[in-house]
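Visitor: Can you make the complete structure from the sequences, with help from the hints?
Residue numbers (my numbering), protein chains in the order written: chain V, 1 to 139; chain B, 1001 to 1235.
Honestly, the hints are just simulated from the structure, not real lab data.
For clarity, every value in this text was computed on a predicted model and none was experimentally measured.
Glycine included, each C-beta is placed from N, C-alpha and C at the ideal position.
Don't take each hint at face value.
[Unchecked claim] Straight line, CA to CA, 27 Å or less: simulated BS3-like cross-link-like pairs of lysine-lysine: (1) LYS53(V) / LYS100(V); (2) LYS1009(B) / LYS1226(B); (3) LYS29(V) / LYS1170(B); (4) LYS100(V) / LYS1226(B).
[As the list claims (entries may be wrong)] Covered by chain B, per the in silico footprint, the following chain V stretches (three or more residues, Cβ under 8 Å): (5) 19 to 31; (6) 69 to 75; (7) 116 to 123.
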Amino acid sequence: MYGRKVKLRFFFVLLILITLILTVSLILKSLEENVLYFKSPTEIKILSNIKEKKIRVGGMVKINSISMKPKEVKFIITDFKNEINIVYSGVVPNLFAEGKGVVAEGYLKDKNFFLATKILAKHDENYMPPEVKAALEEK
Amino acid sequence: MFKYFELNKIFFITSKAPKYVLLLFIIVLSIGLTEALLLSPEDYKQSHSVRIMYVHVPAAWISLGIFSIITFLSIFGYIFKIRNFFLISKSLAPSGLVLNIVALVTGSIWGKPTWGTWWAWDARITSMLILVLFYVIYLVAWRIYENKDKVFKITLIITILGIVNIPIIKYSVDWWNTLHQPASINILSKSSIHVSMLFPLLIMTAAFALFSLLIFLMKYNTELIKIKNKGLDRL
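Guide: Printed below as a string of structure tokens:
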């Protein structure tokens, strides 16, 4: 139906696209470690050695784990499999709360203890008015 | 069938249509803004800063959509040798770039009170920044090369390189740990955004789409005038 040239151009573009997609996905695969914005407590557990390098740990703030002192906040980040203790001195963001997502940036002291220099609150994908939230909680 | 676009017919539409599109845009935008800023409820957690989302999300969607259309048109135009498609692509790009920047800036303004930071080098935000770069490279290419056949090929290659980034942007939040939250709206499963917030979001998306259409028509009209001035009666 179409001319030879049209078919050739079609396969030319198709080949370029396939090659590109393969190349990019291989690059991303090999960079996986660096593409991750934060590590989960489980990923921390399986680390072979602890480096003196700034990293980020993320997960949920464990319920009933926050203890606020005048200059220090202590809490536990959990991914429901493993946990890690966080110590931080500074101001926490407004959305920082128990049972909500959080990302802590700082230094890993050992596999259970993390000294944070910065706390970021992670927002989840749920959007709803307060009344709906209240109704959901009643159920 | 694609080869011979009648310039005069297209020109008639592109010179008349903008004022109607503008009118429609103003109407939809006023409804959208009233819904988004006044009538829609505040969020249970973010309170009023949720309203930034009504600009941020449509801008991001449309900028992704426009880049996809540009790529599709460039590839189609190259395979079937339809020069008009390249001009349509060229005219679409500016509004895509602007909305892409709008998405990044509003995201940053939302990020400060919500996350506690203006910027994070996570996969979603970084890949959106890369899309801005692709838009800029694409538009600069049109400025640099005078020769039409050359500029068609170069912009085609830029769009093919850039299109690989689009699924990365879309799925970055699912593939990797990101600070950015995953998508709230799913076609196949239940959306995690309440319907009272979804409605203004969709109207704002329509408003932004109309805005892009308006800018496109004006840009495309200019391209046609340029061709007319050269004394060619078809593309």
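Visitor: All hints, please: hold or fail.
Guide: We went through each hint and held it up to the structure:
1. For a cut-off of 27 Å, the pair hint linking LYS53(V) to LYS100(V) stands: about 26 Å separates their Cα positions.
2. Distance check on the hinted pair: LYS1009(B) and LYS1226(B) sit about 16 Å apart at the alpha-carbon level, within 27 Å; holds.
3. The hinted pair formed by LYS29(V) and LYS1170(B) meets the criterion: a straight-line CA distance of about 17 Å does not exceed 27 Å.
4. As the CA atoms of LYS100(V) and LYS1226(B) are separated by approximately 57 Å, the hinted pair breaks the 27 Å bound.
5. Coverage of the region 19 to 31 of chain V by chain B holds. Counting CB-CB distances below 8 Å, 4 residues qualify, and the rule asks for three or more.
6. Residues of the region 69 to 75 of chain V with a Cβ under 8 Å from some Cβ of chain B number 0, which does not satisfy the need for three, so the listed coverage is violated.
7. Coverage of a stretch by a chain is defined here by at least three residues with a beta carbon nearer than 8 Å to that chain's beta carbons; for the region 116 to 123 of chain V and chain B the count is 6, and the condition holds.
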